[in-house]
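Peer 1: Got chain A; can you put chains B, C and D on it based on the hints?
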Amino acid sequence: MSAVNSSAGAETAVARKKLGFGFWLCIGWLAAMVFIALFTPLLPLKSPTANFLDSSQGRPPYSPSWKHWFGTDKDARDVFARTLYGARISLTVGFSAITAGFLVGGTIGVMSGYFRGWIDRVSSFVFVVLLSFPSLVLAILLTSLIERSLLTVSLVLGLLSIAPVGRLARAATLQYSEREFVLAARQIGAKDRHIIVKEILPNVAIPMSSLALLGMAVAVVAEGGLAFLGLSVEKGITWGGLIQLGSDASKTLEKAPWISFFPILMLFLTVLSLNFAGDRLRTFFDVKEMTL
Amino acid sequence: MNTTSAVASESEPFIETVGLKTHFRTPRGIARAVDGVTIQIRRGQSLGVVGESGSGKTVLSRSIMGLLPRNGVIREGSVRYRGEEIGNRTPKEMRSVWGREMAMVFQDPMTSLNPVMKVGKQVTESLRLHLGMNAAEATEVAEKIFRDVRIPEPSRRLNQYPHELSGGMRQRVMIAIAMACGPNMLFADEPTTALDVTVQAQILELLSEQIHDRNMSMLLVTHNLGVVAGYTDEIAVMYGGKVVERAPTKVLFDNVKMPYTEALLQSIPRLTQPSHSRLAMIPGRPPDLVNPPTGCRFAPRCAYARDLCRSEEPPLTTAETPDHTFACHFPVGSPEYLERKVEIERRGATTGGGN
Amino acid sequence: MVFTVACGGGGDDDGSTEPATSDGTDTTGGSAAPSEEGEPVVGGTLRVGLEADVDGLNPTASALAVSGLTMAQAVFDPLFTFATDGTVVPYLAESMTPSTDFTEWTLKLRAGVAFHDGTPFTVDAVIKQFEITRNDPLVGLAVRPYYPETDAVAKIDDLTMVFKPLEPSQYFPSALTAQLGYIASPTWLDALAADPTLEQQPVGTGPFQFDSRTEDSVTKFVRNEAWWGTDLVGPVYLDAIEFYPVPDADTRTELLLNGDLDIIHTTDTNQFETYREDTSLTLDISEDGEEYFLMINTAKAPFDDVRVRQALALATDRQGYYDLFNGGEGQLANQMFTPDSPYYNPDVTQEGNDPEGAAALVAEYCGENPVAEDGSALCTDGKVNMEYQWSGPSVLATRIADFYNENWSSLFNVTFDEKSQADHIQEAALGLYNVVGWRQFGAENPGDDRVWLECRNIGGISLNWPRYCSEERDALIKEIANPANPDERTGLLQQLVQNIHDSYAYIFMTHSSWAVVHTDKVHGQCDRIAPEGSPLVCSTNGRMYFHSTWLS
Amino acid sequence: MRYYVQRVALAILLLLAVSMLTFGALNVLGDPLFNILGPVAGDVNNPDSIKMIELAKSEFSLDRPLPVRYAIWLSDFVRGDFGVTFSSTGQPPVSGVISERLPRTVTLVAMAQLFAILVSIPWALITASRAGKISDRISTLNAFFLVAMPNFALAVILKFFFSIKLGWMPLTFVADDPLSSRLFQMILPALTIGLPVAAVYQRLLRTDIITTLQQDFILLARTKGLSRTRILLVHALRPSLFSFITVVGLNTGALIGGSIVSETVFRIPGIGSTLVESVLRNDFPVVLAIVMIVASSFVIINLLVDFAYTLIDPRVRR
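Chains as they are written, first to last, in the working numbering: chain A, 1 to 292; chain B, 1 to 355; chain C, 1 to 552; chain D, 1 to 318.
By construction, these hints were calculated from the structure, which means they are not laboratory data.
Taking lysine-lysine pairs in the DSSO-like style, the calculated list, with each CA pair at most 27 Å apart, reads:
| no. | chain 1 | residue 1 | chain 2 | residue 2 |
| --- | --- | --- | --- | --- |
| 1 | D | 133 | B | 92 |
| 2 | C | 300 | A | 235 |
| 3 | A | 251 | D | 165 |
| 4 | D | 133 | A | 18 |
| 5 | C | 383 | A | 46 |
| 6 | A | 251 | A | 235 |
Stretches of chain C that chain D covers, calculated by requiring three or more beta carbons in the stretch to come under 8 Å of a beta carbon on chain D:
| no. | region |
| --- | --- |
| 7 | 246–258 |
| 8 | 426–439 |
Backbone N, C-alpha and C define an ideal beta-carbon position, used for all residues, glycine too.
Just chain A, with the same shape it has in the complex:
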């Protein structure tokens, strides 16, 4: 409870410096997901694409059973296997997107925060432009123009995270580039590169990294949204896609809720863990609220 409470930014100074049980629970879940994502093909799973037709059971979808833990979809494909495979794309995209965002956005942000001047003005304006599209709309616009492969979708979502991440990096850098130790370093004529790498980055990195998890949550949700709209990786098995498949017709949803509800559960728990862990980290490092 204390974890929850302080994670909500509540004002108990005591709970602040502990990450708490909830945090580690979430980390545990995430670790499990990552493991699954990495090793799905090696796990003893049914094929996610095969159609397990069983005339004795009549027409698919088949309800959850010992044979199919999460039941099967309309095409008699194993929902459990598909859900686990779904973790792959969802997490890969989420992770690579936020990584790309942090590399590019972070660099630009630090640069403009440190050098100010035209770099700052240009990049800030670019950020504003990017932010003047609702993110999902921009994502749809871009995905509509490309072959939707794992790489491209990640890149698109990465692009989306540049602006918010960049702004943050810039703000953080601004704080530090005015600090004594940086000014001092400048006084003694240290090279900018040296100052950025040695003085700024270490200080900016900590708060930023605590936001990576939150950012990843956003990316995972965004990917899910695209997939749900049929705009994520083509032919790929993703949570969003699975949910859509199970809910496109209200009849399917009524007769076989398991098709969409198991993926929903996984997605929800994952996003929850990311948010929760991220939020705890943020309060732990005492970083200001941000909107990705």
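Peer 2: Same frame as chain A, but now just chains B, C and D:
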């Protein structure tokens, strides 16, 4: 009420605390902000509570009024208002008293006035709440009060926001708010510290005039003895959560007993002195309220302290002068005091003329 | 379910030449005799749920799909129509008699008929319509055989005319039972030339006339008080009809069950159980209308090579498809005829479910490292590169695509290409595809399916979608049409079936089932008769007729 | 005054940049010819098609350089002419589709925003006044769950329980129904969009109210003997609303994003669902129009929010 008050003003105190203790639970331990304070104010009288910041004077006023949060606070002792025990009342019960019977004027009018509410409304709302007036009546009354507190063109001011007023004006507004429902007890918490010197006098004038006209009692909290000098009947000097000296204003100024009070007196800015001349500051820090020094709490900073002071807490003793009590083993004028004073002056001379 | 629109898209949307078909199941599946239904009531508005909206309702140009035909049938009357016994009977026409050698047909029109705009119905109207239709790039292809560029027709009097088809065909009348037979007001056709938007406001002779239309929302027709058919085939009961295009089959069903619609059509067999369970619904299925099949562009590499086409067929799990997407409804198709058809060729079966065979063929083909004209490789790491196109967006269509991909992916690198219905058909017509899902064939008179098959219909824009040309086949088709040898017809058709199979241009999957479903408020769907009295079918491959319909 | 001018200028600059980006993307990466002719555009071996292609190129000035086309397009766009799109009947104007569907989306988004605000404010007030108490912590937990529930999943769940299981809400949106029933049909879709946003609002507003409650003027209000509720509503709420308003403005974007999903799930033919369909159909003219409309309204809304600020906080009035 007048009859009772007439009686009250003569005989038993209008408001009094007996052994009032207010302690806060903190991560470090229990902080004794107010540690057994006993004071009385008679009707129409005003008491100045003086002390450095951290002496517990503000907490004292707030705990008398019952404004302190319930959790994390330990209260002991009693607060009696017109003979009734109010110390143990819940905020809900106090509401009828607040504004109607007691009011408070805060230190900084900028932060104490609602920035997004027209000042007029801030005055009228309590009128409408307590005296059940309708909007029109309330505005009328508010305007009158504004005139009383000498706010020029009140009708216009009523429709202005705090940020549109000068500091002095804001403070007048705050006083107006306090006076609105004609309370009988006013708490003024450093009412002038946030204002510049020229305005300070005006505000104090206004305050004392108001309580005099309305026959109110006032508890004026300040760190500046000079402020209370002209405007209060009695003075209580607080140090480390305790009252260390207490006397009618005149008596105190003529005949200081407590070296701490003396030090405070020396730190009063005087108009006679050129403003650049340094004031005699009291060396050292106010005591730690979580684990205060044994013996006299002022001893560590007291130039006249002796071993006794550090070992044994001085009792509250009555001075020869009327209604004058103090807590000191070696008060001003005592032989030990004089002896030490001579040494200090000699040392000052050798080190070249002191200040 | 956009899927139906999609492949239907293919089959239906060029409904221009799709003749009505029917068989016993229509009447048996149809609702009961009027006596049980009680006395017909005049009045009421019928709300119809269609699988798609139409671009326009212009018989001379619009590509009319089932939905289009259903709407058109209400405003227009076809010259001829099918009786339940499968014979072609006159409808708007009085009669049509061939010359002994079938080279000339004399058409007599019904007297005293007028279009909704008052224009009298005469030979001139018919001629104008055929003239205009012939010049249409797509629909024209279907007309030209019957209406050549030169000396196509001779006018005898206002109600009599003589057609001179390109070659003798006994099927001419049956070709006039659908889009080609819908005669529109010449006045309107003239206006149309000036203002194409009038396409949306058809003017015909039909039992209902145009009232209002909001594209993709609702189209409203009202009773034609002056309908010529009233005294011949019975009065028009409905005050009005409202057509709602609802592409998603589930939504359509939901609306029907909620009572927001009175009657719908669908090919989504998954829904059939639901309909049967609900006693308040009446279900009418045409079992062997069109065939659903995979259609292959034989003019474009890699499928210009018959081995690759065979391989694709062998790699396809037809049974699996049937189990998943038909689930007991309809039947697997081997050819364009059902086993109970007299023309069924028992020796022709559609191959499938033979991965090894397929693997062998692919290995052989890719062994030759073939390249396309643009030099790009046709095989990548031992797999043939291909594109599967369907019309969407549609979840079912995507599921089917996934299914095929699962079948083929071991031998083919399948690229998915989801297109809007309009683009889908156009690309097929222009031959810009590899493999598509399609629905077609099953004409009541098999000869009428010739337009899909003849060499002459290959060109920039083709109706011979697979662009497969075989003289032998064309000869067969001529013979079949030739009235001179009726008794050889069965044999010839069976040869045609064999020929089609050997081309490997089609992978026959299932005989698709069309269902028309209506609530118990709706009556008289099957009480239709022709002017000369023979009973008519209740519905035709999802096409609905409403002049005998009444609401309780 | 200068402030207003500056903000408007920035907004216009922004709109230009956005439009260039969108237009550029769609014309460089997309195939404008296809959008006019459809597949015919790809049929380059066929003389008839080639003729059509040439015709279209000149008619829609595709042979002109990109900047010129941009200028033409922009001037048309501001005049509400969003160009044409391919369809087998010819080239219907895009503005037709938009004008038919935009109102639905606007209604939906407005409804969602309304829900979000109506839910979040009381929620925040209650929790803030009980800060740290169990009830507060539980609600914080709920807020957390809501935020972690992607709106498309939430849509499915709401649909499952309220439409299918309980049958309280209609399953389908019928464009031709009377306004009242259409609004009713929009409740669930609007909740789908609004609830997660409400949670975000609540978290923010709660913190701000807590901060406000520690201000001196709240203490003064107490010394007036005002009731807890009055202090919360009259004194604490308004000063806490500043960042709330900004966030409400910024979230319009999230809401529009949400409406895309929600319209798709609940089959509401608004511009959100149209955007998705058009993308799947490569119907770029429609995509372009919708993206531009959304982005510009987003920019404008944020501009208005900035101005609204000056209205509710007297201190920043100029």
